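Make the full structure from the sequences, and use the hints.
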Amino acid sequence: MRLYDLASTIGGKLLADDHDAQITGAASLEEAGNGDVTYLDSTKFIGLAEKTRATAVIVAESINIPGKNLITVENPKLGFARAIEALLPYLRPATGGGISSEAFIGEGVELGEDVGIAPSAHLESGVKIGDRTAIYPGVYLGRNVSVGSDCVLFPNAVVMDGCRIGARVTLHAGSVIGSDGFGYVTDSGRHHKIPQVGIVVIEDDVEIGANSTVDRATVGATVIGSGTKLDNLIQVAHNVKIGSGCLLASQVGIAGSSTLGDYVMFGGQVGVADHVSIGDRVMVGAQSGIAKDVQSGLVVSGSPTFAHRDWIRANLVFQRLPDVEKRLRALEKTLDGLKTDKDKSGEKT
Amino acid sequence: MRLYDLASTIGGKLLADDHDAQITGAASLEEAGNGDVTYLDSTKFIGLAEKTRATAVIVAESINIPGKNLITVENPKLGFARAIEALLPYLRPATGGGISSEAFIGEGVELGEDVGIAPSAHLESGVKIGDRTAIYPGVYLGRNVSVGSDCVLFPNAVVMDGCRIGARVTLHAGSVIGSDGFGYVTDSGRHHKIPQVGIVVIEDDVEIGANSTVDRATVGATVIGSGTKLDNLIQVAHNVKIGSGCLLASQVGIAGSSTLGDYVMFGGQVGVADHVSIGDRVMVGAQSGIAKDVQSGLVVSGSPTFAHRDWIRANLVFQRLPDVEKRLRALEKTLDGLKTDKDKSGEKT
Amino acid sequence: MRLYDLASTIGGKLLADDHDAQITGAASLEEAGNGDVTYLDSTKFIGLAEKTRATAVIVAESINIPGKNLITVENPKLGFARAIEALLPYLRPATGGGISSEAFIGEGVELGEDVGIAPSAHLESGVKIGDRTAIYPGVYLGRNVSVGSDCVLFPNAVVMDGCRIGARVTLHAGSVIGSDGFGYVTDSGRHHKIPQVGIVVIEDDVEIGANSTVDRATVGATVIGSGTKLDNLIQVAHNVKIGSGCLLASQVGIAGSSTLGDYVMFGGQVGVADHVSIGDRVMVGAQSGIAKDVQSGLVVSGSPTFAHRDWIRANLVFQRLPDVEKRLRALEKTLDGLKTDKDKSGEKT
Chain A
1 MRLYDLASTI GGKLLADDHD AQITGAASLE EAGNGDVTYL DSTKFIGLAE KTRATAVIVA
61 ESINIPGKNL ITVENPKLGF ARAIEALLPY LRPATGGGIS SEAFIGEGVE LGEDVGIAPS
121 AHLESGVKIG DRTAIYPGVY LGRNVSVGSD CVLFPNAVVM DGCRIGARVT LHAGSVIGSD
181 GFGYVTDSGR HHKIPQVGIV VIEDDVEIGA NSTVDRATVG ATVIGSGTKL DNLIQVAHNV
241 KIGSGCLLAS QVGIAGSSTL GDYVMFGGQV GVADHVSIGD RVMVGAQSGI AKDVQSGLVV
301 SGSPTFAHRD WIRANLVFQR LPDVEKRLRA LEKTLDGLKT DKDKSGEKT
Chain B
1 MRLYDLASTI GGKLLADDHD AQITGAASLE EAGNGDVTYL DSTKFIGLAE KTRATAVIVA
61 ESINIPGKNL ITVENPKLGF ARAIEALLPY LRPATGGGIS SEAFIGEGVE LGEDVGIAPS
121 AHLESGVKIG DRTAIYPGVY LGRNVSVGSD CVLFPNAVVM DGCRIGARVT LHAGSVIGSD
181 GFGYVTDSGR HHKIPQVGIV VIEDDVEIGA NSTVDRATVG ATVIGSGTKL DNLIQVAHNV
241 KIGSGCLLAS QVGIAGSSTL GDYVMFGGQV GVADHVSIGD RVMVGAQSGI AKDVQSGLVV
301 SGSPTFAHRD WIRANLVFQR LPDVEKRLRA LEKTLDGLKT DKDKSGEKT
Chain C
1 MRLYDLASTI GGKLLADDHD AQITGAASLE EAGNGDVTYL DSTKFIGLAE KTRATAVIVA
61 ESINIPGKNL ITVENPKLGF ARAIEALLPY LRPATGGGIS SEAFIGEGVE LGEDVGIAPS
121 AHLESGVKIG DRTAIYPGVY LGRNVSVGSD CVLFPNAVVM DGCRIGARVT LHAGSVIGSD
181 GFGYVTDSGR HHKIPQVGIV VIEDDVEIGA NSTVDRATVG ATVIGSGTKL DNLIQVAHNV
241 KIGSGCLLAS QVGIAGSSTL GDYVMFGGQV GVADHVSIGD RVMVGAQSGI AKDVQSGLVV
301 SGSPTFAHRD WIRANLVFQR LPDVEKRLRA LEKTLDGLKT DKDKSGEKT
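Chains as they are written, first to last, in this note's numbering: chain A, 1 to 349; chain B, 1 to 349; chain C, 1 to 349.
The hints are simulated quantities; they were obtained by calculation from the structure and are not laboratory data.
Since we're looking at a predicted model, the values are computed, not measured.
Any given hint could be a false lead.
Any copy, or any two copies together, can satisfy a pair, since identical chains are not distinguished.
Taking lysine-lysine pairs in the DSBU-like style, the calculated list, with each CA pair at most 35 Å apart, reads [stated by the list, open to error]:
no., residue 1, residue 2
1, Lys193, Lys13
2, Lys326, Lys339
3, Lys68, Lys193
4, Lys241, Lys128
5, Lys193, Lys241
6, Lys44, Lys193
7, Lys292, Lys193
8, Lys51, Lys68
9, Lys51, Lys292
In structure tokens form, the structure reads like this:
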């Protein structure tokens, strides 16, 4: 692709000597070579950008890198994403365009236009699938599951009975939607199962990572709001409600009935206790443990969590604790000496 | 269902003006509406119970809520579980009652009465399945695996060669039983695999969560005791022995050869080191890390763990550590001042 | 097997009264009985070794246990591994030796000699499989995936389009290789997906645990180096590079673009932030959180990490923090008293 064409494709302005340079790939500042386009989205890395071997760099309008072919855009990372789309073939689902005779299609299943159903996929009775949705091999859809249009369900994803999946949703390989919530009532030393008869509702534009699990509600619904993205190996327990536009990193676990507002961001391995309410735009550091409500807009860390800034400072002291205790002991000794002196001088008088 | 009939079904006493009220659903105190039954199991929530729009509330015998239809029982949560069972249809396994010709059934497989085997399930040679057990699509059972009666193996669950599953066991979707333990011996820079030739024994009434993994023993057996319930995404390593009636929350990991007694309870994301012994009825706070033996009956938290009560107090001070160090510094300064004064006054004398 | 024959099979020297003793099994010091061989690899357990009921004990050359049949070798654990191999049948893959007509084999698939492909396995177009590799049921291999010789892909393992797997690699059940990296660029409140068009490269002699996930690179490759072993439920994010000979315990998570050197060892549940570089032979304690670069050879713990030895000491003080604060308060009070005295005596003068 000509550099000039790439710039217009991604909606950028070209500042370059060679409008006809051929762009054949995309890569990071460090890894890019001749023929690649790269991007710079923080002035922190301007040194790397000056040394990159890329043929062109996507930058913000305020940035200049002397001697480099530049494409200026408002959001360089977004520009780069569009460049990847334009340059590198993102393989369309292998299953597009056909219903395999080796798939199991139960009674009363309704399929939209241009649906792809792979061999060994299994659709129970009453399943509804929207237009252009691709179902990979080994996918299981329980009774009366509905899946919207333009979804991709990767191999071995499982959606249990009655759950509802919106439009443009991606379920990555091995993810499980609608497994039973972990609910028991213990009586005379026996854990009786509380029937889990609710469902899971996944709204539009959600992505669920590989091998993540979302449990059905005891009664009612576990909800994942529109535009929310879950990374791999995440656990969402029964009756959890997650708002819109959240980004949760890998191995996060959210216990029963907790709620997240909109645009919440979690680092990896964060845990949330049950029945906790987390406001909008809350940011949580990796490995944190949330034990009680967090108000909108806060940035928290630690287990249990408190203000992220204070957590950083507390940790610095934590690492010095043996020294802190030593200093405390020294003070005690000095003070004991002073008191003895005082007592002695008291005795003298 | 008439309120009167519901009360007798769950074995409760009806205290209500309207014995004929229709009950059509079950929900929490907050979410319940007209026609729903709900429950109150802690006086903490009595305020919510007074405001609930539910048509009836299941309560303990000591509780009165003026103006509400009440069903009194000994254990309100158990009563509610029974009400859900009575009111809401819990879908029976989709696979009940038939052996699919699309399943793979190896040589010498023995199937009990009324077994259901779904398409694309795979039973290797020598597998034995008890009465009324349901095997969903994509389930794999290795050679000589035995599964008891009344079990449900949800889609894509995997049980490797030789493992033994008791009666009334549920394996949720994507769970893996009998994968190799993580055992290597390093010699001249190479990690040689120690053959993992043991099995996994899962006793009766166990539930294993979605995408959880239980490794086979190196030699002997990894054991999950009767009535124990494991949540999703849990790791149980080789040669671990878990007692009866334990409840382990999501994302717990237990390293090799460790043992848990009976009725142990773990919060989410707890980790246990290898070769550790944990007694009966031990309770462990979420995200804790157990590095050495824990005696029966203790409640512990932290990483590494100590008494939960002390952990809470230590955390409160942790959050104040920058202040603690500041106060320490102030003391040092004051004391330096005092000593200088004293030295000066000493010089004077 | 005769004890004499076992000793030669594992390359050891026999020190025994009864060269003809029959050895029929292998077990740990505690669990071994008559007919078993066991091993001792640390003098710490010599008491157990003296009491073991095993018929023979594999030991280092420097060890003597009076009254026991001994096989001496350089590395007793390695000797034990070889004894298990010799004594206990490790079941060969159930799928060896045949291409099932119930498997899906796409166009242009190339299969080596003696490959086993089980029913309901799915090989997309362009897949290449090396000699003697076994593909279990429910395995999915995307377009143009290559898998080397002597590999075992256990049930429901998934390898997405274009990924490359070396020789002698084991993918345990439910593992997912080549799922999309977690990459978005947020613009006007929408998270746009950055196309993940890179691949995963898994080098020779790697083992990937059950239900672990390895994401494909955004561009370029996520790499797992030769001889590295990953336990169950591990997350490896896009563009991560892991060196050779690493051992990572269960539930570890490594965020995007981070690198590990060779022979790195992680305890369970360790988390690594993105863009972090970890040197060779680094050892990391369980549940640690690595937020910045770690130099080769260091042993670290904590979240965030610091020297393991210092972390142990800091934790001891952490557990005493309420007492530390109490002592601090006592000092403040004493000092206040002293100052008051001094002020008073000052007033007097």
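Structure-based check of all given hints:
Only between protomers do Lys193 and Lys13 lie at most 35 Å apart by alpha-carbon distance; the minimum there is 22 Å, versus 62 Å within a single protomer. For the identical chains of this complex, Lys326 and Lys339 are neighbours both inside a copy (20 Å) and across copies (19 Å), given an alpha-carbon limit of 35 Å. When the C-alpha separation of Lys68 and Lys193 is checked against a cutoff of 35 Å, the pair qualifies only between copies, where the shortest distance is 27 Å, while the shortest distance within a copy is 65 Å. Taking the closest pair of Cα atoms, Lys241 and Lys128 come within 35 Å of each other only inside a single copy of the chain (24 Å); across copies the shortest separation is 41 Å, beyond that limit.
Taking the closest pair of Cα atoms, Lys193 and Lys241 come within 35 Å of each other both inside a single copy (22 Å) and across two copies (23 Å). For the identical chains of this complex, Lys44 and Lys193 are inter-copy neighbours only, at 24 Å across copies versus 54 Å inside a copy, given an alpha-carbon limit of 35 Å. For the identical chains of this complex, Lys292 and Lys193 are neighbours both inside a copy (27 Å) and across copies (32 Å), given an alpha-carbon limit of 35 Å. In this assembly of identical chains, the alpha carbons of Lys51 and Lys68 lie at most 35 Å apart only when taken from the same copy (10 Å versus 68 Å across copies).
Taking the shortest alpha-carbon separations for Lys51 and Lys292, only the inter-copy value of 24 Å comes in at or below 35 Å, while the best intra-copy value is 48 Å.
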